[in-house]
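Q: Here's the letter readout for the chains.
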Amino acid sequence: MLCKRIIPCLDVRNGRVVKGIRFVNIRDAGDPVELASAYDLEGADELVFLDITASHERRDTVVDLARRCAEELFIPFTIGGGMRDESDIRKVLKAGADKIAINSAALANPDVINRCSRRFGAQCIVVAIDAKLVSSGEEKKWEPFVHGGRTGTGRDAVEWAREAVERGAGEILLTSMDADGTQDGYDINLTRAITQAVGVPVIASGGAGNLDHLVEVVKEADADAVLAASIFHYGTYTIREAKEHMAAAGIPMRLK
Amino acid sequence: MIVIIDYGMGNLRSVEKALEKVGAEVAVSRDPDELRRADRIVLPGVGAFGDAMANLEKRGLVEAIKGEVAAGKPLLGICLGLDLLFEESDEHGRHQGLGLLPGRVELLPTNLKIPHIGWNQINIRKESRLLAGIPDGSAFYFVHSYVVVPGEESDILCETEYGCTFVSAVERGNIAAFQFHPEKSSSLGLTILRNFAS
Numbered sequence: 000m001l002c003k004r005i006i007p008c009l010d011v012r013n014g015r016v017v018k019g020i021r022f023v024n025i026r027d028a029g030d031p032v033e034l035a036s037a038y039d040l041e042g043a044d045e046l047v048f049l050d051i052t053a054s055h056e057r058r059d060t061v062v063d064l065a066r067r068c069a070e071e072l073f074i075p076f077t078i079g080g081g082m083r084d085e086s087d088i089r090k091v092l093k094a095g096a097d098k099i100a101i102n103s104a105a106l107a108n109p110d111v112i113n114r115c116s117r118r119f120g121a122q123c124i125v126v127a128i129d130a131k132l133v134s135s136g137e138e139k140k141w142e143p144f145v146h147g148g149r150t151g152t153g154r155d156a157v158e159w160a161r162e163a164v165e166r167g168a169g170e171i172l173l174t175s176m177d178a179d180g181t182q183d184g185y186d187i188n189l190t191r192a193i194t195q196a197v198g199v200p201v202i203a204s205g206g207a208g209n210l211d212h213l214v215e216v217v218k219e220a221d222a223d224a225v226l227a228a229s230i231f232h233y234g235t236y237t238i239r240e241a242k243e244h245m246a247a248a249g250i251p252m253r254l255k
Numbered sequence: 000m001i002v003i004i005d006y007g008m009g010n011l012r013s014v015e016k017a018l019e020k021v022g023a024e025v026a027v028s029r030d031p032d033e034l035r036r037a038d039r040i041v042l043p044g045v046g047a048f049g050d051a052m053a054n055l056e057k058r059g060l061v062e063a064i065k066g067e068v069a070a071g072k073p074l075l076g077i078c079l080g081l082d083l084l085f086e087e088s089d090e091h092g093r094h095q096g097l098g099l100l101p102g103r104v105e106l107l108p109t110n111l112k113i114p115h116i117g118w119n120q121i122n123i124r125k126e127s128r129l130l131a132g133i134p135d136g137s138a139f140y141f142v143h144s145y146v147v148v149p150g151e152e153s154d155i156l157c158e159t160e161y162g163c164t165f166v167s168a169v170e171r172g173n174i175a176a177f178q179f180h181p182e183k184s185s186s187l188g189l190t191i192l193r194n195f196a197s
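Protein chains in written order, with numbering that gives the first Met the number 0: chain X, 0 to 255; chain F, 0 to 197.
If you are wondering where the hints come from, they were derived from the structure by calculation, not from laboratory data. Worth double-checking, as some hints may not be accurate.
Stated by the list, open to error - Pairwise CB distance ranges (calculated):
(1) F/91 <-> X/83: 25 to 35 Å
(2) X/251 <-> F/132: 18 to 28 Å
(3) X/109 <-> F/27: 33 to 43 Å
(4) X/114 <-> F/27: 21 to 31 Å
(5) X/93 <-> F/136: 30 to 40 Å
(6) X/233 <-> F/66: 23 to 33 Å
(7) F/136 <-> X/211: 22 to 32 Å
Unchecked claim - No farther apart than 25 Å at their CA atoms in a straight line, the calculated lysine to any residue pairs in the SDA-like style are these:
(8) F/72 <-> F/86
(9) F/20 <-> X/67
(10) F/65 <-> F/171
(11) F/72 <-> F/152
(12) F/112 <-> X/254
(13) F/125 <-> X/0
(14) F/20 <-> F/0
(15) F/20 <-> X/177
(16) X/255 <-> X/240
(17) X/218 <-> F/111
All residues carry an ideal CB built from backbone N, CA and C; glycine is no exception.
Could you build all of it, start to finish, from the sequences and the hints given here?
A: Below you can see the structure in the form of structure tokens.
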């Protein structure tokens, strides 16, 4: 049976991880490769690296990150952050990333999804959506935001997810801006709206504060994977504890 | 020396790094002569079946692979490299494969999401040196839309469930191949590669 996935997310600035302080047995808690390997050992199914280096300095850091991870990491990993066009994406994939995540670039120029999906395969194109509930008058909708959540697009996140998949996205990485940072749990309604709208895997992100939240978003919103940062970085739970908890709730998990 | 065949299909770097990690001496090559000098051959690959066969033929690799396998050299196929070992595929039209094993390649017969992506369990159907140290029911990382349907039941090494039961690994003599990616399957994947390399 296909397992549900647990995906720790690492924020990287200038080649260094900016969170992730709990591993006591590693030499350098800022080294993305060393941290990633520690998560692999613990049973992480996949990793996501988000390069949050200031955009004018970024181009090369993201390729270098992909290259270094590919040397030492033997689970699939996704790199996101600041890739603008097909040539940026090609470089990161060629450097060894299994998948790339695009957000602002995809909304600014949706054709990039079609071109990259055709050229590199849908399985390596993840469209990241940062969505926030907005209301205009009576009407409420989830709106995708770009540029790290600073700029609204006026669009509808569910519509956009559907369009992104039609254009060739192989997976949706969905972050609820309302839930992110609250530790109150994933946004079940938003996640369910997206999983019902698309036929590709959806990774739920934003709001994980305890292990029941992971179970909830898989069972109630049909998420294929759960992404979390703080609960793993700060050592609230280990990946293994999370997987055992999910498995005990009847969810198929990879347990070594 | 293990030679990873480079025929322009997909990222070979992760296969190369994983084999290096388990201590193998590795070269990536498209040169049929280098294939002949290798002790072992890996046929990796991601992408379309028809393009893959065309690229192998263009580079003179079809005859080289067949010759070396017939001479008894160990061959490991991964993902598309598994599919190519069979006689034919219906992927985007009908294509002839290498025909090293009887059988064909078909679209995953399931109403579940395709491609089948993620960690899924293998059920081991026969003994194999390559699976030493791998518990039955272990999970490996898959990314594929097509599956092989072997003509010879005794070639089946593992099966996996995804809306149906499909063949996730085969082995016959010096030929072994996996639908999943050992190079992306953490420590158990590396165990398979170490078994192949030693």
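Q: Confirm or reject each hint.
A: Going through the hints against the structure:
1. For the pair residue 91 of chain F and residue 83 of chain X, the supplied restraint of 25 to 35 Å holds, since their beta-carbon distance comes to about 31 Å.
2. At about 23 Å, the CB distance of residue 251 of chain X to residue 132 of chain F agrees with the hint of 18 to 28 Å.
3. Hint check: residue 109 of chain X to residue 27 of chain F, Cβ distance near 35 Å, so the stated range 33 to 43 Å holds.
4. A beta carbon spacing of about 27 Å between residue 114 of chain X and residue 27 of chain F agrees with the range 21 to 31 Å that was offered as a hint.
5. In this structure the hint that residue 93 of chain X and residue 136 of chain F lie 30 to 40 Å apart at CB holds, the actual value being about 35 Å.
6. Distance hint for residue 233 of chain X and residue 66 of chain F: a CB-CB separation of about 57 Å, inconsistent with the stated range 23 to 33 Å.
7. For the pair residue 136 of chain F and residue 211 of chain X, the supplied restraint of 22 to 32 Å holds, since their beta-carbon distance comes to about 27 Å.
8. A distance of roughly 20 Å separates the Cα atoms of residue 72 of chain F and residue 86 of chain F; the hinted pair therefore holds under the 25 Å criterion.
9. Note on residue 20 of chain F and residue 67 of chain X: the hinted pairing holds, with a Cα-Cα distance of about 14 Å set against a maximum of 25 Å.
10. Taking the CA atoms of residue 65 of chain F and residue 171 of chain F, the gap is about 14 Å. The hint holds against a cut of 25 Å.
11. A hinted pair counts as satisfied when its Cα atoms are at most 25 Å apart, and residue 72 of chain F with residue 152 of chain F qualifies at roughly 23 Å.
12. A threshold of 25 Å between alpha carbons decides the hint, and for residue 112 of chain F with residue 254 of chain X the separation of about 23 Å falls inside it, so the pair holds.
13. For the proposed pair residue 125 of chain F and residue 0 of chain X, the alpha carbon gap of about 20 Å is at most 25 Å, so the pair holds.
14. Between residue 20 of chain F and residue 0 of chain F the CA atoms are separated by roughly 14 Å; this keeps the pair inside 25 Å, and the hint holds.
15. A C-alpha spacing of about 42 Å is found between residue 20 of chain F and residue 177 of chain X, which places the hinted pair above 25 Å, so the restraint is violated.
16. For the suggested pair residue 255 of chain X and residue 240 of chain X, the alpha carbons sit about 12 Å apart, so the restraint of at most 25 Å is met.
17. The hinted pair formed by residue 218 of chain X and residue 111 of chain F meets the criterion: a straight-line CA distance of about 17 Å does not exceed 25 Å.
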